[in-house]
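Asker: Below are the chains, spelled out letter by letter.
Number of protein chains: 2
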Amino acid sequence: MLIVKKFGGTSVGDKERINRVADRCIADYKEGHDVVVVLSAMGKSTDELIAKAKDINPNPPKRELDMLVSVGEQISVSLMAMAMAAKEVAAVSLNAFQVAMHTTQAYTNARLTSIDADRIRAELEARKIVIVTGFQGVDKADNVTTLGRGGSDTTAVALAAALKADKCEIFTDVDGVYTADPRIVKNARKLDVISYDEMLELASLGAGVLHNRSVEMAKKYGVELVVRSSLNFNEGTVVKEDTKMEKMLVSGVACDKNVARIAVIGLQDQPGVAFKLFNHLANHNINVDVILQSIGRDGTKDISFTVAADAVDEALAVMENHRQTSLICEKIDVERNIAKVSVVGAGMTSNAGVAAKMFEALYDAGINIKMISTSEIKISVLIDAAFADGAMNAIHAKFIG
Amino acid sequence: MLIVKKFGGTSVGDKERINRVADRCIADYKEGHDVVVVLSAMGKSTDELIAKAKDINPNPPKRELDMLVSVGEQISVSLMAMAMAAKEVAAVSLNAFQVAMHTTQAYTNARLTSIDADRIRAELEARKIVIVTGFQGVDKADNVTTLGRGGSDTTAVALAAALKADKCEIFTDVDGVYTADPRIVKNARKLDVISYDEMLELASLGAGVLHNRSVEMAKKYGVELVVRSSLNFNEGTVVKEDTKMEKMLVSGVACDKNVARIAVIGLQDQPGVAFKLFNHLANHNINVDVILQSIGRDGTKDISFTVAADAVDEALAVMENHRQTSLICEKIDVERNIAKVSVVGAGMTSNAGVAAKMFEALYDAGINIKMISTSEIKISVLIDAAFADGAMNAIHAKFIG
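Keeping their order, the protein sequence lines are chains A and B. Sequential numbering from 1 applies to the first sequence in my numbering. Sequential numbering from 1 applies to the second sequence in my numbering.
Mixed in with the good hints, there may be bad ones.
In silico DSS-like pairs for lysine-lysine, Cα to Cα no more than 25 Å straight-line [said to hold, decoys possible]:
(1) B:54 to A:44
(2) A:128 to A:30
(3) A:62 to B:54
(4) A:54 to B:219
(5) A:128 to B:62
(6) B:87 to B:52
(7) B:128 to A:52
(8) B:15 to A:52
(9) B:52 to A:140
(10) A:128 to B:54
(11) B:52 to A:15
(12) A:62 to B:140
(13) A:44 to B:128
(14) A:52 to B:52
(15) A:54 to A:15
(16) B:44 to A:52
(17) B:52 to A:62
(18) B:87 to A:52
(19) B:140 to A:140
(20) A:54 to B:87
Coverage of chain B stretches by chain A, computed from C-beta distances (three or more under 8 Å per stretch; other residues unrestricted) [claimed, not checked]:
(21) 91-100
(22) 270-279
These aren't lab readings, by the way, just hints derived from the structure by calculation. Think of the CB as a built atom: it goes at the ideal place given N, C-alpha and C, for glycine as much as any other residue.
Could you put together the complete structure from these sequences and hints?
Answerer: See the structure below:
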């Protein structure tokens, strides 16, 4: 079996943890499996490098920032290879150049374009454990790039796809994917299996276990993902194609507290208004989530939408720049302390009344709903962030127990 | 003019120093020159990385050690590019992959084989300052290698040769090449010019300003070297082909205190004995310096030689392994606290009596000579290390003043 195992920065944060990860990989290797390990930078080392950069240049060129922070994973992988060598297991560390991990040239937020897996295959055939730097790539001109948030997960899934691995294990500090964040909802329980689509909704909704980029890629290439704990040997949660098992109505409740709502009031009611607004934001790489359009007073319309809380100031600045030209409106309102609470489940497509049940839970808890958004397998509501934990517990209790 | 400027780890040890180096490079750039900067790892960072490695594996694989320590220079060059960007000068950092700095596969001690200067030329044509990682390379299979001691000097000279640079400035913490180490000999004075050959003898004799690998390469490709201080704007010492100027009899006095002498007593007097002895040592990459063979008692012969003090234990172990087979002898003696003091000067080839004058200086100072070795442009003596400083002062006073 060919297994790709990905460990995050906390799992390789010091010598003891590096040795623990090494042991875990060696166990698979000694059972006869081919093992590819993807590592993030140790502990807080990426943050430390960024702080060093900003001390020298508060606004460092992104190309140079990628050149700098990419050393973090190179340190992890070489130390891991040394740890394995100390245990008398042949291992080799490889960086993005060495595995030809090609990406676009979007520094600090590049997307993978291709991987040449020949080098890795050759090393595996020589019975070595192959340890690859996560998070980083190279563009066509051999400049170093990084993949942005969730980058190491994406590296692991991409390698699993390129190598046609039997599975891709993502190690984290929780036992798997839960029906809700167990730190907030006491009754939350671990799921054994979840479909790619449900996982995608949960990932993009702030469940925080896996990033949606990696889930999207796993779905695209049919890579079987396993989310499991690096602290124990529990089975974890398998993420794969829709299974035949009887479905739970709702697989999980997720919450994203990093949300702000912007309301554009009194826009002219004519074609292209929405396009222009969101095109301006897209040009500045500002991701917009929930969008709601309603009829305003006197033949105008209102558009409300949410952005990540840390993008709201840039979004407002971009919009302000166009108030005199393509974005003529009465006023722009902003609400910063918003949470998005969602229920996700493939089961809800064939079950009426899920939305009603969710709203009932919130009503019983006395929580006011600001906006509602639905898709085939999820229902999201925006509420005051102060009530987020209460809302999650109320909804979880209603659907799951 | 195309100038290659190399700065060592101390010169880029912190933010202030990085900014100072940036200013210095920008000054040349703003005069219209093309500037290529070669940097070592910051301050003690290489030592720290090695300590981290040894903590995980006391005997780390050399391939992985190179993979690890090479991050040090990548940090320096990216931070330098950021510092220049903060001063609104276009700069780009490049690592060994990006400039195709190809080497042999001798990890931790690789030798440069070729450089593809196209990328650097393109960046210079775009009027960027190009900042290149010193000390590191890649082998044919794209594994990371490092060049060993003096590696960054060698990188700088190799780049200067590949780019046909007008000069290669090596920045250090002294004003240039001195007639002797000014910390030991008070009257030592700075040389304005020195030939490659004299510099080679001084470098290999422990003058410590430049490594002989870089001087050899400069000589081979006719690269004009300038050794100068990173702390001031003094002119420094130019190292170039033999000049027509009137020669000083002796250009410098050098001392290497890191020497041990091994004496092999009572070897059989037959062909191949010396070959076998030094072949064993060469197979373990142990460099032998001064060799002296003399006739022993009863038809045997004695061979004495020196090695670096930190290689003496390995040398003895290697020899011990062959005592029963190819290295039959009466006994092996070792003297650990030896210094080699040398005078160097192209002028001495045409001047009789230089050796006599040197021995007189030592005799006057009451210092016993253990071994003597001479070449066309140098005379070296081995003495007790305790007398090294006294010997240097006595010899310097005799020849230079």
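Asker: So, for every hint listed, does it hold in this structure?
Answerer: Quick rundown of the hints versus the structure:
1. B:54 to A:44: Judged against 25 Å, a Cα distance of about 21 Å means the pair holds.
2. A:128 to A:30: Holds. Residue 128 (chain A) to residue 30 (chain A) sits at ~11 Å (cutoff 25 Å).
3. A:62 to B:54: 33 Å, violated
4. A:54 to B:219: 42 Å, violated
5. A:128 to B:62: Given pair residue 128 (chain A), residue 62 (chain B) holds - Cα atoms ~16 Å apart, limit 25 Å.
6. B:87 to B:52: 34 Å, violated
7. B:128 to A:52: Judged against 25 Å, a Cα distance of about 23 Å means the pair holds.
8. B:15 to A:52: OK: residue 15 (chain B) and residue 52 (chain A) at ~9 Å, within 25 Å.
9. B:52 to A:140: This hinted pair is violated, its Cα atoms lying about 33 Å apart.
10. A:128 to B:54: 21 Å, holds
11. B:52 to A:15: 9 Å, holds
12. A:62 to B:140: It is violated: about 30 Å lies between the C-alpha atoms, which goes past 25 Å.
13. A:44 to B:128: Cα-Cα ~32 Å, so violated.
14. A:52 to B:52: 20 Å, holds
15. A:54 to A:15: 28 Å, violated
16. B:44 to A:52: 16 Å, holds
17. B:52 to A:62: Roughly 29 Å separates the two Cα atoms, so the pair is violated.
18. B:87 to A:52: With Cα atoms ~17 Å apart, residue 87 (chain B) and residue 52 (chain A) stay inside 25 Å; holds.
19. B:140 to A:140: Cα-Cα ~20 Å, so holds.
20. A:54 to B:87: Cα-Cα ~14 Å, so holds.
21. 91-100: holds (count 5)
22. 270-279: violated (count 0)
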